[in-house]
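Let the hints inform the model, and build the full structure from the sequences given.
From first to last, the protein sequence lines stand for chains Y and P.
Throughout, the numbering used here is defined as the position within the first sequence, counted from one, plus 315.
Throughout, the numbering used here is defined as the position within the second sequence, counted from one, plus 1.
Hints are computed from structural coordinates only; laboratory data are not their basis.
A few of these clues could be false.
[Claimed, not checked] With a straight-line cut-off of 27 Å between C-alpha atoms, the simulated DSSO-like cross-links for lysine-lysine are: (1) 184/P x 533/Y; (2) 641/P x 426/Y; (3) 715/P x 135/P; (4) 279/P x 344/P; (5) 322/P x 192/P; (6) 715/P x 640/P; (7) 641/P x 348/Y; (8) 325/P x 184/P; (9) 51/P x 185/P; (10) 450/Y x 508/Y; (11) 641/P x 430/Y; (12) 344/P x 525/Y; (13) 430/Y x 379/P; (14) 279/P x 435/Y; (15) 348/Y x 435/Y; (16) 192/P x 525/Y; (17) 329/P x 525/Y; (18) 135/P x 383/P; (19) 712/P x 430/Y; (20) 348/Y x 329/P.
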Amino acid sequence: MTFKSAVITFPGSNCDRDAVTYLEDLTAGPVYKIWHEESTLPNVDLVILPGGFSFGDYLRSGAMASKSQIIKDVVKHAESGKYLMGICNGFQILTEIGLLHGALLQNNGLKFLGKNCFIKKRNRNNFNKSIDDDKILEIPVAHNEGNFYCDEDTLKDLLDNELIAFEYCDGQYSLDEANINGSLKNIAGITNKKKNILGLMPHPERAYQKYHSSEDGKLIIESILS
Amino acid sequence: MNDDLILQHGLTLDEFSIIKNYLKRDLTIEELGIFSAMWNEHCCYKTSKKWLKKLPTNNEIVIQGPGENAGIIDLEDQDGIAFKIESHNHPSYIEPFNGSATGVGGILRDIFTMGARPIATLDSIRFGAITTDKTRFLLNGVVHGIGHYGNCIGIPNIGGECEFEHSYDFNNLVNAMAIGHVKKDAIFYSKPKTLGGLIVYIGSKTGKDGIHGASMASDVFSEDDEDDKRPSVQVGDPFMEKLLMEGCLELMASGFIESMQDMGAAGITSSSVEMASKGNVGVHIDLDKVPLRQPLSAYEILLSESQERMLAVIDKDNDDKVRKILQKWQIDYEVIGEITNTKRVVFTSQGKEVVNLPVDIIVEDAPEYDREFFIPRKRKEKTFDTKNLNLDLLIENQLNNLNYIDKSWVYNQYDSTVMGDTIKDPGQSAGVVKIHGTNKAIGATTDCNPLYIRINPKKGMKATVAESYRNLISSNLKPLAITNNLNFASPLDPNIMGELVLSIDGLKEAASYLNTPIVSGNVSLYNQTNDQPIKPTPVIGMVGSNLNYEKLNSNFFQGEDDEILYIGKCLDPSYSPYFLQDQLNIREMNSFNDLADTNLDEELKAANFILESSEQGLIRSCNDISRGGIFNSLLKMIKKDLGFKIEIQNLINLFCEFSAGYVISINKKNKEKISEISKKNNIELYKLGVVKKSTIDINNQKIDFKDVYTKYKKNFENIIH
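Structure follows, in structure tokens:
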């Protein structure tokens, strides 16, 4: 069966085209571009909430997008067990909707971070199952609010239920600290309990072509498809 | 009208009398405001025009030269590349965050006004000595502002330069460059086509910000000015610009609009006047229709520089269709006037005509000055003693100088990979992006050597153009065209005026020889506070391409045991100005020898050698040699744990400047092939050594690799804090 996917665009999304290209290049199936004011999603296997500054990130990152018209159907899509992935601002939107727990605070260095980071998988799920346990992925980040934080109960929940998909780690030759932004437990990406929703701060859609600084971002789509 | 009022508007009394003699009547205050905005340096280039006309602006690939919002060159097939650089110097000193942010916003509008989607930005920024809190404040604010705006709108920042030098203590420079991609048959111009077309206002509401920004930017500062001028700094909203960009690109693709002009410096005044002038028509605008953020007088509306606004001309029948597209993007839209056949600019407010001027007097009769200028005196020859310098000291001097070390502290605050097409991010010889959906690579660099230009403006400018050229060549990009940003102090000083005139002459000579025409640009004068002028800083932004991105060279070492070679001629230390300044601490301008003249023929020969070798896949990595000599080039080529072991007869030569110099690394097995190509191109190849893991070894003196590399990467952050 062909794998179908969709990317939602909010006013201020700026990685929507990148996400569409990523899906078009790595999945053989159609990719639908959905405007936030639409009320129904097509029947797809994966929805991506892309990065950017939805609604200018005014109020709080992702807060206004989480109230968009299309979100009701996105929630329905996720409840049916199909894949939903929020990258960067998309991750922030997922926490604002409440589909994922925790929050993304301002980076501990109080500055926007635009560079490559290193992550590895922590708990196995359908977004990372094709990735070796000790594989270090080099993937760009570009965020001002990527510092994952949650209360103790939520953290216990994340740990007990093995919901931490990716964590920041040392790169072999990197002079930077592993934990680039102050995230609790080095968290770079988490899932929900059913493990069909992934929120991820790094941008795999910027790391999959041979002219990119790494092709590790392929591994996430490969995991989903395998 | 009293003289004070006229002078406050930045006009001289002579200029005012030209206007009065022409009109044969009194001016309204609004009309005075219009002349103030349109007759200042920023808008009418009255000091530089005479000289700018001499620049080469055309060749077979130029689609649009200077005079539009941006220049456009042909990149084969259906692809055109629009690009331009623009300064936001004065606002960035008064309010660094908003000043630099709106600099980015302004240049992006220049690009998408042409129908091009912006695909990259670069920034050339200069600050005073880092020893003061003020410089640190400016650095933080400017970098934050550039990042904030570009990151939010989602255009990758792929390079630029960042220099620190005393003369910028009270006048930091912020020059922002943007590049866009446009299909050649979808280029938009500002010239309106039909009489009776509706003039429409698109974008943010008009507020009080930036009133008289353009005339402020053409003024000399005095120290206590700062607070007074702050309200003249525009405030940017990148989210609004993102909506405006998407809305305008959708509009232009829809075919419902016929021309567009961004409201940049001098706001609605300059955009409507330019529209009328280019179309040889008149404009009639009702200021009561302009969407306002707060109550404003007609005078204020005319001169507001509120950001994220566009003026467009549409056919009457398309009003509703345009409105509908802009509603989707939540953008304000109002019909505010029409194109007339009067060749006059008419503004009404509350039923009254507040401005009624012939377009010609504003544009054609704008003053043009032939200011007095001096040619610098001949310099006496001197020899400098370098015997107190040893290898450790030479290296330490570079590692402790912000101008020689890794600047990732700056560009890690920028998003350089958004849009997914970035091939080379900042910190390399050139930034490179791929044209989406093609194999074409577009690269760009910005450069200036203010010290060279102060020593000898003409030769210094030639050296600057040559350096930009080499930056592109080293990545195997064919240099195509130039945008320039001429930043100078007050041209009323004949010495400064001489620097302006002679550097344009140098630009002309180099650009003609290298066949890289100037297709767009900007002039920023009066960059001085009290008696302290900035060093002459005519910044070059050069764009180049390779139609197959897979042929690009890396600027980083690729593998151990690769052989390292160099080409070019090392300058004598006494003729290496940056070496003298940064290693021997020579500060007094009179002490320097004259600059070595750039041999443009040698540059071309060296470039041909690099390009030919690169196309054959023989070069594993390449970097040009500039400030900091071979050693600094090698430092920049270190990647991961790949260092170098080299030998050189005269140690000092590792740190001196070069003419037509490049460092390359090759696979040993390709040595003969490379050597054949060098012979064919009449290029002498010199062996330096090999790439070696975790090693810096110079003439068998082992240097601590980790220590040097860590300092190179991290000292910037340590020094600025």
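Are residue 641/P and residue 430/Y close enough, with their CA atoms no more than 27 Å apart?
Answer holds: residue 641/P to residue 430/Y is near 15 Å, not above 27 Å.
Assess, step by step, whether the Cα of residue 51/P is no farther than 27 Å from the Cα of residue 185/P, and give holds or violated.
31 Å, violated
Hint check: residue 715/P vs residue 135/P, CA-CA at most 27 Å. Holds or violated?
With Cα atoms ~22 Å apart, residue 715/P and residue 135/P stay inside 27 Å; holds.
Is it true that the CA of residue 325/P sits at most 27 Å from the CA of residue 184/P?
Distance of about 25 Å is within 27 Å: holds.
Is the Cα-Cα distance between residue 348/Y and residue 435/Y 27 Å or less?
30 Å, violated
Residue 322/P and residue 192/P: Cα distance at most 27 Å?
21 Å, holds
For residue 279/P and residue 435/Y, compute the direct alpha-carbon distance and say whether it is at most 27 Å.
This hinted pair is violated, its Cα atoms lying about 58 Å apart.
Proposed proximity, residue 329/P with residue 348/Y (alpha carbon, max 27 Å):
Holds, because 16 Å separates the two Cα atoms, which is no more than 27 Å.
For the pair supplied as a hint, residue 712/P and residue 430/Y, is the alpha-carbon distance within the 27 Å limit?
19 Å, holds
Would you check the hint for residue 344/P and residue 525/Y, treating anything up to 27 Å between C-alpha atoms as holding?
55 Å, violated
Is the hinted pair residue 329/P and residue 525/Y satisfied, with a Cα-Cα distance of at most 27 Å?
Status violated; Cα separation ~37 Å.
Proposed proximity, residue 426/Y with residue 641/P (alpha carbon, max 27 Å)
25 Å, holds
In summary, the numbered hints that this structure violates are 1, 7, 9, 12, 13, 14, 15, 16, 17, 18.
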